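Asks: As you go down the protein sequences, you meet chains Z and C in turn. Counting from 272, one number per residue, gives the positions in the first sequence under the working numbering. Counting from 3, one number per residue, gives the positions in the second sequence under the working numbering.
Keep in mind that the hints were calculated from the coordinates and are not lab data. Treat each hint with caution, since some may be false.
Claimed, not checked - A few chain Z positions that, by computed beta-carbon distances, are all more than 10 Å from chain C:
#1 273
#2 279
#3 282
#4 285
#5 288
#6 300
#7 309
#8 331
#9 346
#10 459
#11 465
#12 506
#13 508
#14 511
Said to hold, decoys possible - Derived BS3-like pairs: lysine-lysine, alpha-carbon spacing no greater than 27 Å straight-line:
#15 415(Z) x 400(C)
#16 10(C) x 66(C)
#17 355(Z) x 294(C)
Values in this document were obtained by computation on a predicted structure and should not be read as measured data. Every residue gets a Cβ at the ideal spot worked out from N, C-alpha and C, and that includes glycine.
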Amino acid sequence: MKPILDVKNLTMKFGGLTALDNLDLDVREGEIVALIGPNGAGKTTFFNCITGIYNPTGGDILVRGSGKESIRINGLKPNKVTQKGLARTFQNIRLFPNMTVLENVMIGRHCRTHSGILGAIFRGQSTVREEQQVVEDSYAILEKINLNQFVDELAMNLPYGAQRRLEIARAMATNPFLLLLDEPAAGMNPQETSELDELIVWIRDTEKISILLIEHDMKLVMSLSDRIFVMDYGKKIAQGTPDEIKCNPIVIKAYLGEEMDA
Amino acid sequence: MVTFEEIKKSFLACIWFMFLTFPIMVIRVNTVQNEIEWRWKNMILIGIASFILSFFWRNLFRQKIKKGKQKDPYENTEKISIFQKVLKEKKYYFPGTVALCFFVIGFPLLFSLYQINIMITALIYVMLGLGLNIVVGLAGLLDLGYVAFYAVGAYSYALLHYHFGIGFWIALPLGGLLSAFFGILLGYPVLRLRGDYLAIVTLGFGEIIRLILENWNEFSFGPSGIANIPRPGFFGIKMSLEGHTIYLYYLMILLVLFTIFVVNRLQNSRIGRAWIALREDEIACQAMGIDKAKTKLTAFALGATWAGMGGVIFAAKTTFINPASFTIWESIIILCIVVLGGMGSIFGVISGAMILILLPEYLRAFSEYRMLIFGVVLVVMMIFRPGGIIPDIRRAYKYKSKETH
Chain Z
272 MKPILDVKNL TMKFGGLTAL DNLDLDVREG EIVALIGPNG AGKTTFFNCI
322 TGIYNPTGGD ILVRGSGKES IRINGLKPNK VTQKGLARTF QNIRLFPNMT
372 VLENVMIGRH CRTHSGILGA IFRGQSTVRE EQQVVEDSYA ILEKINLNQF
422 VDELAMNLPY GAQRRLEIAR AMATNPFLLL LDEPAAGMNP QETSELDELI
472 VWIRDTEKIS ILLIEHDMKL VMSLSDRIFV MDYGKKIAQG TPDEIKCNPI
522 VIKAYLGEEM DA
Chain C
3 MVTFEEIKKS FLACIWFMFL TFPIMVIRVN TVQNEIEWRW KNMILIGIAS
53 FILSFFWRNL FRQKIKKGKQ KDPYENTEKI SIFQKVLKEK KYYFPGTVAL
103 CFFVIGFPLL FSLYQINIMI TALIYVMLGL GLNIVVGLAG LLDLGYVAFY
153 AVGAYSYALL HYHFGIGFWI ALPLGGLLSA FFGILLGYPV LRLRGDYLAI
203 VTLGFGEIIR LILENWNEFS FGPSGIANIP RPGFFGIKMS LEGHTIYLYY
253 LMILLVLFTI FVVNRLQNSR IGRAWIALRE DEIACQAMGI DKAKTKLTAF
303 ALGATWAGMG GVIFAAKTTF INPASFTIWE SIIILCIVVL GGMGSIFGVI
353 SGAMILILLP EYLRAFSEYR MLIFGVVLVV MMIFRPGGII PDIRRAYKYK
403 SKETH
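The following block holds chain Z by itself, in its conformation from the complex:
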């Protein structure tokens, strides 16, 4: 099966610092792939390169939506990348705090709708219909993610776990085929983490969206992932199934350090 996201020899240099060094990674359709590594390994930089926030120094990022040709997305603007069908969440929550929960999700529909300035002013039939469709679609997503009790609440007033879920809902509203989650479980309590676990599996199985996630919560990573990539100092040091990763000596070394031989 051809991968939907295929990253080859991705390199990102900030001046003299090589944040990503010839990284290879691929995600296949219907997979949940985890990207792990110690702090500062370059995981978020990797996300930023894929989603167009950074323009990578070298390498190829190829994406292929279901039944489509694969396209190279290096250096595309973030909004173009989202249009191609990749949606992301952020490590430190980046909602629109003074908009309601529903509006936050409606923003996600922006790149799938078209009405422009004149449409807005004259508010013709097609604009009204599109607008209502956006509201309905957004509400439907909120219902699926179980956030509908907060629908008219301002995003900033939501409990922390719900804010994380809202970010996922907003990303789903862009109609992606691949969802990139940057530490979705950060700061969550065990109850919220297990709910998140269910939610991610549900997104993959029901919504047919593949998932690539960065996560530090090893329990979550091991139970969720089909495959795991491990990074350290900008390089990929290992890849494989959770069981393989668990007993990989290089991974253990990267996380726990080497025993000092006196």
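Take the given structure of chain Z and dock chain C to it, following the hints.
Replies: For chain C alone, kept in the frame of chain Z given last:
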């Protein structure tokens, strides 16, 4: 109950104020007799006033904190002002609108020409405020050079008339278009800027336009300005000065209504939402598929359009323009209208414009203290009502619930 602690605090405040105002309120150099007058009475008055005011001030703060504590984050406890309650109440809606209509229509019959002229100015500022509201209130781009677009509008009418004899009705849309063009021109280089940096660049832009108008004599006739700009015509009917003013008043009412209509529709549209998202979080906004460059440019262009049209009307109203009307001070006033009224709120901006333009006119007696009062009002507003007089209320959407879980 007044505790000892409270009295101590107020006492300290009063000492501090007496000390601060000592040089200006107590000492006076009498240059005629070459001696210094010591006005100790003033000091005592200031002491007493600041003692009492500090009680009042702290009391206000306590109430503010209490209110903050009562707020339960999980309940919808957005502060709703009396204005908004009235606006929401259907019962008041109809009679309110009717009364307002009668007042607006009857205004020229009830008041003198002077009052009508002031009202026209205020209405121009309503239009400017609503335009800047798009840029600052919705898209969150702090623009300190907004007056530049106002100038572009005014000069485009004046010059188009001078060179080609173009009339008001053609100049009005043209001025708007030209300003929109200038908005995009300013927008391009500042696409990457935000916050303070953007403010400084726009400030510079405003000054550049003013300086060009002031110094490029061949083009704009420099500081002497352009005179004999015709007032708006009405199917070629000749009117007296009074007739013209009343006509301009009704014209302005229509244009303001048109502005409110368009801005309101824009605000509650896909584009308006994108602007607000841009204001809230630029990176997230882009990551959600919104084209940052396009959204910012539309905000700049659509905001500038209203300033341009306002400029054309201003030129037609005063029949004479020169660069002195387009100083940075104007930009600041318009910005204050938006901030004081309530960012992103149409009713807020209208009331802000009315207060900031009409009050100084009617309080001519206090004109010496105008800046002082202005400053105090702004500071107090920012502390106690940071959302403005009438803050923006989020629109409620209608949605159908389909139980899927």
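Asks: All hints, please: hold or fail.
Replies: For each hint, the structure was consulted:
Look at residue 273(Z): its CB is around 25 Å from the nearest CB on chain C, clear of 10 Å, so calling it non-interface holds up. Its beta-carbon lying about 23 Å from the closest one in chain C, residue 279(Z) satisfies the requirement of being farther than 10 Å from that chain. Listed as outside the interface, residue 282(Z) is consistent with that label: its C-beta sits roughly 22 Å from the nearest C-beta of chain C, beyond the 10 Å cut-off. With a minimum CB-CB distance of about 18 Å to chain C, residue 285(Z) clears the 10 Å threshold, and the non-interface call stands.
The Cβ of residue 288(Z) lies farther than 10 Å from every Cβ of chain C, with a closest approach of about 21 Å, so its non-interface assignment holds. For residue 300(Z), the requirement that its beta carbon stay farther than 10 Å from each beta carbon of chain C is met, with the minimum near 22 Å. No beta-carbon of chain C comes within 10 Å of the beta-carbon of residue 309(Z); the shortest separation is about 25 Å. Against the 10 Å criterion, residue 331(Z) stays outside the reach of chain C, whose nearest CB is about 21 Å from its own CB.
Every Cβ of chain C is farther than 10 Å from the Cβ of residue 346(Z); the closest lies at roughly 14 Å, confirming the non-interface assignment. With a cut of 10 Å on Cβ distances, residue 459(Z) stays outside the contact zone with chain C, its closest approach being about 18 Å. With 10 Å as the threshold on Cβ separation, the claim that residue 465(Z) sits away from chain C holds: the shortest Cβ distance comes to roughly 17 Å. Distance check on residue 506(Z): its Cβ is at least 26 Å (rounded) from any Cβ of chain C, clearing the 10 Å threshold; non-interface status holds.
For residue 508(Z), the condition that its CB be more than 10 Å from all CB atoms of chain C holds, with the nearest at approximately 28 Å. For residue 511(Z), the non-interface assignment is confirmed: its Cβ lies about 30 Å from the closest Cβ of chain C, beyond the 10 Å cut-off. A hinted pair counts as satisfied when its Cα atoms are at most 27 Å apart, and residue 415(Z) with residue 400(C) qualifies at roughly 18 Å. Our distance criterion of 27 Å between C-alpha atoms is met by residue 10(C) and residue 66(C), whose separation comes to about 22 Å.
In summary, the hint linking residue 355(Z) to residue 294(C) is supported, as the alpha carbons are separated by about 17 Å, within the 27 Å threshold.
Of the numbered hints given earlier, the model fails none.
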